[in-house]
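Those sequence lines, one after another, are chains A and B. Read left to right, the first sequence gives residues 0 to 302 (numbering that gives the first Met the number 0). Read left to right, the second sequence gives residues 0 to 504 (numbering that gives the first Met the number 0).
It should be emphasised that the hints constitute simulated quantities derived from the structure, not laboratory data. There may be inaccurate statements among the hints.
As the list claims (entries may be wrong) - Output of the computed footprint for chain B on chain A, the stretches with three or more beta carbons under 8 Å from beta carbons of chain B:
#: 1; stretch: 98-110
#: 2; stretch: 130-141
#: 3; stretch: 147-156
#: 4; stretch: 177-187
These numbers come from a predicted model, not from an experiment. No residue lacks a Cβ here, since even glycine has one placed at the ideal position from N, Cα and C.
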Amino acid sequence: MNAQQLAALTPAPLPLRGRGAIPRAPADAYALAAPDRPSPAQRERGGGEGGFVCLPGVWHADDPALAATAAECAPTGFAGLDAELPGGGWPHGQLVELLYDDPGIGELSLLAPALAAQAQAGRACVWILPCESGPDNLLQQALPYPPALAEAGIDPSCSIFVRPAVAREAWWAVEQSLRAAHLGALIGWLPSSGAQADFRALRRLHLLAQRHHALVFAIRPSRCAGTPSPAVLRLQLACSSGPQSRLLAVKILKRRGRPLIDPVALQVHPDRWNRSAASLAMAAAPASSAVRPWRLTAALAGC
Amino acid sequence: MALWLAVCLPALPLQLAARAAPCTGPLAITEGPRERPLISFCNDSARAAGIAPMMKLAAAQALARTLTAVPRQPDHERDALHELACWAYQFSAQVAVRTGTVASGLVLETGGSERLFGGHSLLHRRIRRELGNLGYRAAFGHAPTPGAAWLIGTARAGGLSASDAPAGGQLQAALSPLPLAMLEWDADTTGTLHALGLATLGQLLALPRDAFARRFGAQRLDHLDRALGLRPDPQPAFSLPARFAAHIELPADVTQSAQLMFPAHRLLRSLEGFLRGHDAGAAELVFTAHHDPRAVQPVTATPIVLVLAAPERNAGRLAKLLAERLTRISLPEPAIGLSLTVDRLAPFQALNASLLPPSQDSVRDGLDWLQLAETLHARLGSERVFQLQAVDDHRPEHAIRIVPLATERGSPRTAALPCAQQRPLMILPAPQLLPQHDEHPGYGGRLALLAGPERIEAGWWDLGDPHRPTVHRDYFVARNERGQTLWIYRELKQPRRWFLHGFFC
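Required output: the full structure, derived from the provided sequences and hints.
Set out below in structure tokens:
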């Protein structure tokens with residue numbers, strides 16, 4: 000059946016109101032979910048040889064227009080990630096969820112360019128640090144390090160840091176911060192207290208986030224990946240173990256538009272660390288006496 | 000033209016007792032010797048139970064079992080009137096306190112300021128509404144002289160109908176129907192006048208002037224002349240004090256700190272008026288919950304201090320902050336009174352309200368930002384809400400300073416040394432000892448070193464300070480099998496242990 004025949008068989012297209020509704024799907028609609036579906040660009044060029052036809056009035060789930068959000072987006076600073084995020088960056092006024100377990104895989108470096116842009120625009124940032132009563136992974140003691148923040152372009156003087164004692168305080172602080180207009184960004188390490196309660200609380204935050212223009216990042220443990228969430232964007236972060244280099248693998252669990260199967264690998268740490276990993280053997284470590292002890296003096300003299 | 004507004008508060012002791020808590024039950028004010036108190040004022044609910052002024056307290060308690068009886072405290076009334084005068088200073092530059100038997104209150108000169116507030120009816124409405132927020136109800140009198148305004152106001156406070164005299168020509172007509180009792184002359188004079196068949200001011204004013212003066216004294220005639228505007232009537236100048244102090248007695252013991260919100264709101268409204276009069280803001284508010292001195296525990300007062308990042312005077316915003324603060328306060332004893340003092344006034348920069356709705360792209364509004372900071376700070380405390388500053392120090396743990404929010408404003412920012420090496424985004428304030436196997440540090444598996452060593456030997460200038468020891472370390476960037484990139488160091492001294500100091504998040 001070619002496109003003309005199908006078009007002749009199909010009655011006049013229904014006026015569509017609901018976004019993403021696909022009435023009168025073609026018989027091979029399940030092809031939408033197949034991984035080898037043609038990209039929208041292919042479809043426009045060649046036109047539906049994979050059994051996929053363009054009908055007027057029918058919206059396709061992998062149409063980029065569907066994925067385009069009304070919200071304005073801020074570039075992430077990573078071209079590879081921008082290409083996969085609907086709107087080309089972090090959405091303003093939407094809840095974005097980041098799921099990971101191990102601190103130190105480069106999760107904040109992923110956010111740093113966007114935070115720096117907010118700081119340079121003079122907008123404030125609120126950090127809700129991990130709860131003191133949380134699981135013992137040293138993060139309850141860790142503090143953001145101002146010299147490193149300044150190096151990343153984030154002015155620490157326009158950030159407020161909150162260290163909640165218990166989970167309730169963390170949720171309260173996030174909610175209060177989202178009520179403030181003109182907030183630039185919010186990063187919150189949110190404790191988990193059961194899927195049901197989390198969903199309700201996140202939904203509340205999501206609705207609050209939509210009232211303003213801030214970038215809202217909720218950081219949660221990766222065991223929450225399987226539980227439902229109202230966030231428009233959910234990213235699971237892990238470390239990809241390549242043969243030579245270690246990259247940050249960003250798996251997009253949920254986004255507007257078609258799903259993405261393969262994680263996006265990003266280089267967040269300096270490349271020289273990857274290269275030097277093999278060369279700097281452990282044997283070098285005891286030989287620290289080889290390091291000239293006047294190195295610091297030299298550095299000072301150079302200042 | 001000078002125009003005066005009299006604000007007459009009928010049954011002031013009753014109003015003072017009722018404003019500290021929403022009171023629906025019977026309430027009475029008692030006076031007289033302690034062993035035989037007499038009822039002097041009672042509210043509608045008590046009146047409905049059959050209680051009347053001049054009744055003995057024991058008799059009244061027999062009529063209404065739930066009667067709340069509060070002894071009259073004249074010094075509290077005086078303080079309250081003074082506080083009210085401070086509050087009223089926002090509406091007029093000339094405020095005077097008047098006390099009388101029928102009513103007590105204030106007279107304000109409003110002719111000079113009513114244009115600012117959009118005409119006298121808008122001004123009166125606003126004063127009435129804000130008095131209501133303070134917990135007072137008042138009768139107003141409006142006339143070209145303070146004496147006439149006060150007469151009209153007290154007549155209305157006494158439940159009589161009287162008409163305002165906004166122009167000088169209507170003064171005589173407005174005052175004529177008022178009864179003689181409004182003049183608050185002594186009982187002998189009033190009795191004599193009544194015996195002469197005189198009942199109203201109009202009849203009194205119709206008498207021949209010199210005969211009246213001969214019989215009743217020149218000062219009586221002078222009183223009438225001042226009210227009619229025939230002689231000048233200078234009012235005692237009220238000077239605004241430099242500090243604010245107000246107190247509310249609670250009619251019932253308060254055990255929950257949240258119950259203090261209602262009287263606190265009244266105090267904040269009063270403070271707002273005071274600050275408007277000064278055109279200033281308050282940066283530090285000290286609430287004090289007073290406890291019964293006869294209680295078992297020797298706790299007499301619980302201070303509740305509200306520190307603001309920027310001077311503020313809006314009662315609504317202050318009340319929100321106080322509500323957050325009160326969630327952290329527990330009263331050791333039931334409170335019987337609440338007072339608010341502001342010792343230092345700060346210049347207040349009011350922000351212009353925008354004509355247009357704020358656009359989404361507008362840069363952060365300083366006030367809004369401070370409000371958020373204060374809300375978080377009020378609830379969680381300064382140890383949980385803070386800012387971080389980079390400090391010029393080579394020792395990583397001393398290159399960070401936790402700055403409380405309240406002191407953040409105006410403190411000079413120190414620039415950090417530009418650092419050639421990469422620093423971790425998260426740091427542990429106290430380095431964590433790492434286990435090691437044959438000189439290899441481990442954390443979540445064996446660590447591979449990516450960069451380093453970077454030697455940091457610094458801090459000799461703090462020699463002898465146990466909190467700021469000298470460091471001798473070789474720093475490395477390490478990564479474990481789970482992909483965590485860590486900042487670790489090895490001590491140069493024996494036993495050359497490994498420590499974890501940060502995460503390259």
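Problem set entry | Hints violated by the structure (listed by number, smallest first) | Result: no hint breaks.
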